[in-house]
Amino acid sequence: MAPQKPINLNNAVFVRSAAAPGQFIRSSVPAVVFAGKSNVGKSSVINRLLNRKNFARVGNTPGKTVHINYFSIDGRLMLIDLPGYGFANVSRSEKLRWSELMEQFFAGEGLFNLGILIVDARHSPTKDDTGMAEWFRTSGLPWAVLANKTDKVKKSELETNLQQIRQALALDEEVPLIPFSAETGQGRDVLLSTITSLV
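Mapping of the sequence shown onto the working numbering: residues 85 to 283, in sequence order.
Note that these hints are calculated values from the structure, not bench results.
One thing to keep in mind: the hints can contain errors.
Said to hold, decoys possible - Each computed DSSO-like pair below joins lysine-lysine, with the alpha-carbon atoms no more than 30 Å apart:
#	residue 1	residue 2
1	LYS89	LYS137
2	LYS236	LYS137
3	LYS137	LYS239
4	LYS211	LYS238
Turn these sequences into a full structure, and let the hints steer you where they fit.
Put into C-alpha coordinates, the structure is as follows:
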(Lines of atoms letter the chains of each structure in order from A; the text may use other names.)
(Lines give C-alpha, C1' and ligand atoms only; values in the text may rest on other atoms or scores of the structure.)
Protein backbone atom coordinates (compact mmCIF):
# COMPACT_ATOMS: atom_id res chain seq x y z
CA MET A 85 0.00 0.00 0.00
CA ALA A 86 1.41 3.41 -0.95
CA PRO A 87 2.18 5.69 2.00
CA GLN A 88 -0.38 8.44 2.48
CA LYS A 89 0.55 11.87 1.19
CA PRO A 90 1.28 14.47 3.90
CA ILE A 91 -1.75 16.53 4.77
CA ASN A 92 -1.98 19.71 2.67
CA LEU A 93 -2.41 22.49 5.23
CA ASN A 94 -2.97 25.05 2.46
CA ASN A 95 -6.16 23.30 1.49
CA ALA A 96 -8.15 24.81 4.37
CA VAL A 97 -11.77 25.88 4.05
CA PHE A 98 -14.26 27.38 6.49
CA VAL A 99 -17.19 24.97 6.91
CA ARG A 100 -19.66 26.60 9.30
CA SER A 101 -20.29 28.48 12.54
CA ALA A 102 -22.39 26.67 15.13
CA ALA A 103 -24.40 28.61 17.71
CA ALA A 104 -26.53 25.68 18.93
CA PRO A 105 -26.09 21.91 19.42
CA GLY A 106 -28.12 21.13 16.29
CA GLN A 107 -25.35 22.76 14.25
CA PHE A 108 -22.46 20.80 15.79
CA ILE A 109 -20.59 18.62 13.30
CA ARG A 110 -19.88 14.95 13.97
CA SER A 111 -16.93 14.66 11.66
CA SER A 112 -15.98 11.51 9.76
CA VAL A 113 -12.33 12.64 9.94
CA PRO A 114 -10.30 13.38 13.11
CA ALA A 115 -11.36 16.63 14.77
CA VAL A 116 -9.07 18.89 16.84
CA VAL A 117 -10.64 21.51 19.09
CA PHE A 118 -8.85 24.73 20.13
CA ALA A 119 -9.85 26.61 23.28
CA GLY A 120 -8.41 29.64 25.05
CA LYS A 121 -9.01 33.05 26.57
CA SER A 122 -10.29 35.70 24.19
CA ASN A 123 -6.93 37.53 24.16
CA VAL A 124 -4.54 34.57 24.21
CA GLY A 125 -3.87 34.61 20.47
CA LYS A 126 -5.94 31.57 19.46
CA SER A 127 -6.53 32.81 15.90
CA SER A 128 -2.82 33.61 15.55
CA VAL A 129 -1.95 30.06 16.69
CA ILE A 130 -4.29 28.55 14.06
CA ASN A 131 -2.92 30.92 11.40
CA ARG A 132 0.67 29.94 12.32
CA LEU A 133 -0.20 26.23 12.28
CA LEU A 134 -1.60 26.56 8.75
CA ASN A 135 1.09 29.08 7.73
CA ARG A 136 -1.69 31.44 6.65
CA LYS A 137 -1.81 35.14 7.48
CA ASN A 138 -5.49 35.81 8.04
CA PHE A 139 -7.23 32.46 7.85
CA ALA A 140 -8.75 32.44 11.33
CA ARG A 141 -10.11 35.90 12.09
CA VAL A 142 -7.77 37.98 14.23
CA GLY A 143 -8.66 41.02 16.30
CA ASN A 144 -12.45 40.90 16.30
CA THR A 145 -13.87 42.39 19.48
CA PRO A 146 -13.21 39.55 21.94
CA GLY A 147 -16.20 37.59 23.10
CA LYS A 148 -18.75 39.35 20.94
CA THR A 149 -19.87 36.27 19.05
CA VAL A 150 -20.63 33.00 20.75
CA HIS A 151 -20.02 30.62 17.86
CA ILE A 152 -18.00 27.47 17.33
CA ASN A 153 -16.17 27.70 14.00
CA TYR A 154 -15.36 24.62 11.92
CA PHE A 155 -12.57 24.43 9.31
CA SER A 156 -11.85 21.47 7.02
CA ILE A 157 -8.15 20.83 6.34
CA ASP A 158 -7.50 18.90 3.11
CA GLY A 159 -10.71 16.95 3.70
CA ARG A 160 -8.71 14.85 6.20
CA LEU A 161 -8.86 16.87 9.38
CA MET A 162 -11.39 19.15 11.08
CA LEU A 163 -10.20 22.12 13.15
CA ILE A 164 -12.73 23.44 15.64
CA ASP A 165 -12.27 26.92 17.07
CA LEU A 166 -14.23 27.41 20.31
CA PRO A 167 -15.30 30.96 21.22
CA GLY A 168 -12.81 32.72 23.51
CA TYR A 169 -13.60 33.06 27.21
CA GLY A 170 -12.68 35.31 30.13
CA PHE A 171 -13.87 38.47 28.39
CA ALA A 172 -14.57 41.40 30.69
CA ASN A 173 -16.83 43.52 28.49
CA VAL A 174 -19.75 41.27 27.71
CA SER A 175 -23.13 41.03 29.36
CA ARG A 176 -24.06 38.36 31.85
CA SER A 177 -26.51 36.84 29.38
CA GLU A 178 -23.71 36.54 26.78
CA LYS A 179 -21.45 34.79 29.32
CA LEU A 180 -24.32 32.46 30.16
CA ARG A 181 -24.82 31.66 26.47
CA TRP A 182 -21.11 30.83 26.18
CA SER A 183 -21.26 28.61 29.26
CA GLU A 184 -24.34 26.72 28.03
CA LEU A 185 -22.85 26.20 24.57
CA MET A 186 -19.64 24.79 26.10
CA GLU A 187 -21.58 22.46 28.39
CA GLN A 188 -23.56 21.18 25.42
CA PHE A 189 -20.43 20.77 23.32
CA PHE A 190 -18.49 18.82 25.96
CA ALA A 191 -21.53 16.70 26.83
CA GLY A 192 -21.89 15.62 23.19
CA GLU A 193 -20.26 12.41 22.03
CA GLY A 194 -18.07 12.06 18.96
CA LEU A 195 -17.55 15.82 18.53
CA PHE A 196 -13.75 15.86 18.75
CA ASN A 197 -10.71 13.56 19.08
CA LEU A 198 -8.05 15.88 20.47
CA GLY A 199 -8.21 19.05 22.57
CA ILE A 200 -5.70 21.92 22.52
CA LEU A 201 -5.95 24.39 25.40
CA ILE A 202 -4.03 27.62 24.74
CA VAL A 203 -2.75 29.58 27.74
CA ASP A 204 -0.48 32.62 28.08
CA ALA A 205 3.14 31.63 28.78
CA ARG A 206 3.70 34.92 30.64
CA HIS A 207 1.09 34.41 33.35
CA SER A 208 -0.29 31.80 35.69
CA PRO A 209 -3.50 30.24 34.28
CA THR A 210 -6.76 31.98 35.18
CA LYS A 211 -9.77 30.44 36.88
CA ASP A 212 -11.37 30.20 33.43
CA ASP A 213 -8.30 28.32 32.13
CA THR A 214 -8.53 25.79 34.97
CA GLY A 215 -12.27 25.39 34.28
CA MET A 216 -11.57 24.66 30.60
CA ALA A 217 -8.81 22.22 31.59
CA GLU A 218 -11.35 20.41 33.73
CA TRP A 219 -13.74 20.11 30.77
CA PHE A 220 -10.97 18.57 28.67
CA ARG A 221 -9.97 16.24 31.52
CA THR A 222 -13.50 14.94 32.07
CA SER A 223 -13.94 14.36 28.31
CA GLY A 224 -11.55 11.42 28.71
CA LEU A 225 -10.02 12.27 25.31
CA PRO A 226 -6.37 13.16 24.60
CA TRP A 227 -5.51 16.84 25.05
CA ALA A 228 -2.47 19.09 25.17
CA VAL A 229 -1.71 22.54 26.55
CA LEU A 230 -0.04 25.18 24.38
CA ALA A 231 1.81 27.95 26.25
CA ASN A 232 1.62 30.76 23.68
CA LYS A 233 3.63 34.03 23.58
CA THR A 234 6.94 32.47 24.67
CA ASP A 235 8.67 35.15 22.57
CA LYS A 236 7.58 37.63 25.25
CA VAL A 237 9.11 35.59 28.12
CA LYS A 238 12.77 35.82 29.18
CA LYS A 239 14.57 32.54 28.48
CA SER A 240 15.63 32.37 32.14
CA GLU A 241 11.98 32.55 33.28
CA LEU A 242 10.33 30.21 30.79
CA GLU A 243 10.98 26.93 32.63
CA THR A 244 9.57 28.35 35.90
CA ASN A 245 6.49 29.67 34.07
CA LEU A 246 5.90 26.28 32.43
CA GLN A 247 6.14 24.53 35.82
CA GLN A 248 3.59 27.00 37.26
CA ILE A 249 1.22 26.31 34.36
CA ARG A 250 1.58 22.53 34.83
CA GLN A 251 0.87 22.86 38.56
CA ALA A 252 -2.02 25.33 38.24
CA LEU A 253 -3.79 23.15 35.66
CA ALA A 254 -2.93 19.96 37.61
CA LEU A 255 -1.63 18.35 34.42
CA ASP A 256 -0.89 14.63 34.40
CA GLU A 257 2.45 13.57 32.98
CA GLU A 258 0.83 12.32 29.78
CA VAL A 259 -0.65 15.75 28.94
CA PRO A 260 1.94 17.51 26.75
CA LEU A 261 2.76 21.15 27.59
CA ILE A 262 4.09 22.75 24.41
CA PRO A 263 6.00 26.07 24.53
CA PHE A 264 4.71 28.02 21.52
CA SER A 265 5.07 31.35 19.77
CA ALA A 266 2.61 32.32 17.04
CA GLU A 267 5.04 35.18 16.34
CA THR A 268 8.24 33.15 15.72
CA GLY A 269 6.80 29.70 14.98
CA GLN A 270 8.43 28.05 18.00
CA GLY A 271 6.56 24.82 18.84
CA ARG A 272 4.72 24.64 15.50
CA ASP A 273 6.39 21.35 14.51
CA VAL A 274 5.56 19.80 17.89
CA LEU A 275 1.93 20.91 17.61
CA LEU A 276 1.74 19.67 14.03
CA SER A 277 3.12 16.23 14.89
CA THR A 278 0.72 16.00 17.89
CA ILE A 279 -2.16 16.65 15.48
CA THR A 280 -0.97 14.61 12.50
CA SER A 281 -0.39 11.54 14.69
CA LEU A 282 -4.22 11.45 14.69
CA VAL A 283 -4.43 11.51 10.92
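Here's how the hints hold up against the structure:
no.: 1; hint: LYS89 with LYS137; in the structure: 24 Å, holds
no.: 2; hint: LYS236 with LYS137; in the structure: 20 Å, holds
no.: 3; hint: LYS137 with LYS239; in the structure: 27 Å, holds
no.: 4; hint: LYS211 with LYS238; in the structure: 24 Å, holds
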